[in-house]
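Once you have looked at the hints, place chain B on chain A.
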Amino acid sequence: MIPNITFVIQGLAFFAVVWLVMKFGWPHIMAAIEDRQQKIAEGLAAADRAKAELKDADARVADEIKKARAQAAEIVDKAHQQANQIVDKAKADALLEAARVKATAQTEIDGMVGKAREALRGQVATLAVQGASKIIGREINADAHKVLLDQLVAEI
Amino acid sequence: MLQAQAAEHESAGGMTEYIGHHLTHLRWPAQDGFWTLNLDTLFFTFVVCAAFLALFLGVARRAKVANPGKVQSFLEMVVVFVDGAVKETFHGKSKLIAPLSITIFGLVFFMNFLDMLPVDLLPGLWMRGHELAGHNPAHAYLRIVPTADLSTTLGMALTVFLLIQYFGLKHKGPAVFFGEMFTAPFHAHGTVGKIVLAPINFLLRLIEEAVRPVSLSLRLFGNMYAGELIFILIAVMTLDATLTHFSTYLLGIGQFIAGFAWTAFHILVITLQAFIFMMLTIVYLSMAAERH
Chain A
1 MIPNITFVIQ GLAFFAVVWL VMKFGWPHIM AAIEDRQQKI AEGLAAADRA
51 KAELKDADAR VADEIKKARA QAAEIVDKAH QQANQIVDKA KADALLEAAR
101 VKATAQTEID GMVGKAREAL RGQVATLAVQ GASKIIGREI NADAHKVLLD
151 QLVAEI
Chain B
1 MLQAQAAEHE SAGGMTEYIG HHLTHLRWPA QDGFWTLNLD TLFFTFVVCA
51 AFLALFLGVA RRAKVANPGK VQSFLEMVVV FVDGAVKETF HGKSKLIAPL
101 SITIFGLVFF MNFLDMLPVD LLPGLWMRGH ELAGHNPAHA YLRIVPTADL
151 STTLGMALTV FLLIQYFGLK HKGPAVFFGE MFTAPFHAHG TVGKIVLAPI
201 NFLLRLIEEA VRPVSLSLRL FGNMYAGELI FILIAVMTLD ATLTHFSTYL
251 LGIGQFIAGF AWTAFHILVI TLQAFIFMML TIVYLSMAAE RH
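Heads up: the sequence lines are chains A and B, in that order.
Residues in the first sequence are numbered consecutively from 1, following this note's numbering.
Residues in the second sequence are numbered consecutively from 1, following this note's numbering.
Simulated from the structure, these hints should not be mistaken for laboratory data.
One thing to keep in mind: the hints can contain errors.
[Said to hold, decoys possible] Per the computed footprint, the stretches of chain B lying under chain A, defined by three or more beta-carbons under 8 Å from a beta-carbon of chain A, are:
1. 36 to 48
2. 59 to 67
3. 75 to 87
4. 90 to 103
5. 147 to 156
Here a beta-carbon is modelled for each residue, glycine too, at the ideal position from N, C-alpha and C.
Just chain B, same shape as in the assembly:
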């Protein structure tokens, strides 16, 4: 309904316009560029962070030893699960790695979960609001899934990258940490061999370290972006539909089945992606703490 109205306003567009509109961030300033802020991503990230913190810290503050409530029991289940995953992989002692893991899991899951909202619900309301405020709804952009924005996944992956470096430095000490950059993975015994292998080792190390945030961020972003795009494509099936056409009813049924199937499948994807991001972070941090 709403997208149909929006398409009416933007008579030029149709399907391409609809998809393009859905894939454009609410930006400030309004042009694309490195110094542009994606306000929608920031807002929904803030909402998700606030919700996660309110839930987690709220329960933690009132955590009862005897007779835990339902919410506490559920959170404890997740905490124990994450703690088990961490202890399986990382055998040292660390105050950081487990809270980091559960934060990643919780935040990524909640952010991904925004993809479960109907694809036009919030953007449609946003456009409607703009229209009511007397603005052109064609310029009312809104993307609500923060993890379908590469800025979010890259920001998280880079934070994880910095934590990996900090973790390695802390656990190995600076001498071993910087020494290993030039002496691993290829070991040499003579002085000449060491000098020859040092640049190769350093290059490999650079690639290894650089690949991690890139793969972490692109994997999550790609999955969520693709998922969102498929929801948009499913929504397109009845774009500009009218009740007088027979095809509308066929496409309507098809849209319902496709939407249902993809939503059900996507529940797995969002959980799995959150879990993968968490597990890889644990693995990277464990590797950073190990001597080669």
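One chain only, chain A, in its complex shape:
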């Protein structure tokens, strides 16, 4: 029960173990723990950041989709307008063309009517002379009655 010199060796051995633990044990384990804590903190912060970024990106995507929809609607609107314009123009062109064709035809008709009248006038003079000759029984000198005939033709 009484301590003997063993205590010196025990004390020194104890101190040696303390020194070894202090030098080669404790700092390594502590460093590992602290490194891990830091890594966990960083990881959590990164996750938070990523979440915020995702939210941001979602908002941006929604915005883009909205914009794209608006643009598409605008384009469709414009296309409608253009189509209407094209149809209107085509209508106007068609009307114009029709009027032009009608006018040309009218002119032609008028010309033909004039020609026919001219021809008829000539024939009327001839017929009138022939008819008068038959009635009178003798040949009328066309030259002698030229003035009369011309007057007749003009009257027709």
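Only chain B this time, still in chain A's reference frame:
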């Protein structure tokens, strides 16, 4: 069984001989005296230190930041626990105090834990070995719990004592450290008062410092010695028992219950004593670093 054989060899002894044999160290030289070495204490201390260092330094060397293993996780738990206990008590910065604390806790716990081995296991084998080697097993002494040897606890307590002095000197500087020996805890304002109080202060300081290693070492030693003694007394219940006696069976049951109960209780004691030694060391070192 083995103790029965041993008792047969030592026909004179019986119970007293058995207990006395269990409480005798393996000494070199074989007589008691100040210059005697307790070889069993030294050997088992060496084994415990080697095991502790192998575990702690081995894990520390291969400490992984990501994916720590089971052993590392367990050790880290202990490290964080000790670190928390240190930070609660000591608010300065020190590279020494936390490793010192965990070493105390680990070593004292492991040394105490040897008390959990059956009280006759290693001493019985040791005697058997002696017998087989042709020596007298009655002289084959072995005590396996280093902390049940006052030399161990005193050695540790004195190391702690020296570290306290070193710590105080380092944190306060020599002027304050030596000055406080004579000016605290009683403060005086006049020169005369200071001179009068100086010896009283110094005496108080001496007592205060001397009491610490004594109380540290005796507390641990007393607990472990008493624990070991009770294990021996429980073992004595069936000493020299024979199967033909009815009392053997009654005592056998009693021995089992008592042994189980005391072992279970002792698990608490060994842990608590290791913790107390550690906490007191932290407190003493913190006090040494504070100015009065």
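These are the hints, each one checked on the structure:
1. 36 to 48: holds (count 7)
2. 59 to 67: Since three or more residues must qualify, the claim that chain A covers the stretch 59 to 67 of chain B holds, with 7 doing so at under 8 Å.
3. 75 to 87: holds (count 5)
4. 90 to 103: As far as the stretch 90 to 103 of chain B goes, the hint holds, because 7 residues have Cβ atoms under 8 Å from chain A.
5. 147 to 156: holds (count 7)
When the structure is compared with the earlier hints, no violation turns up for any of them.
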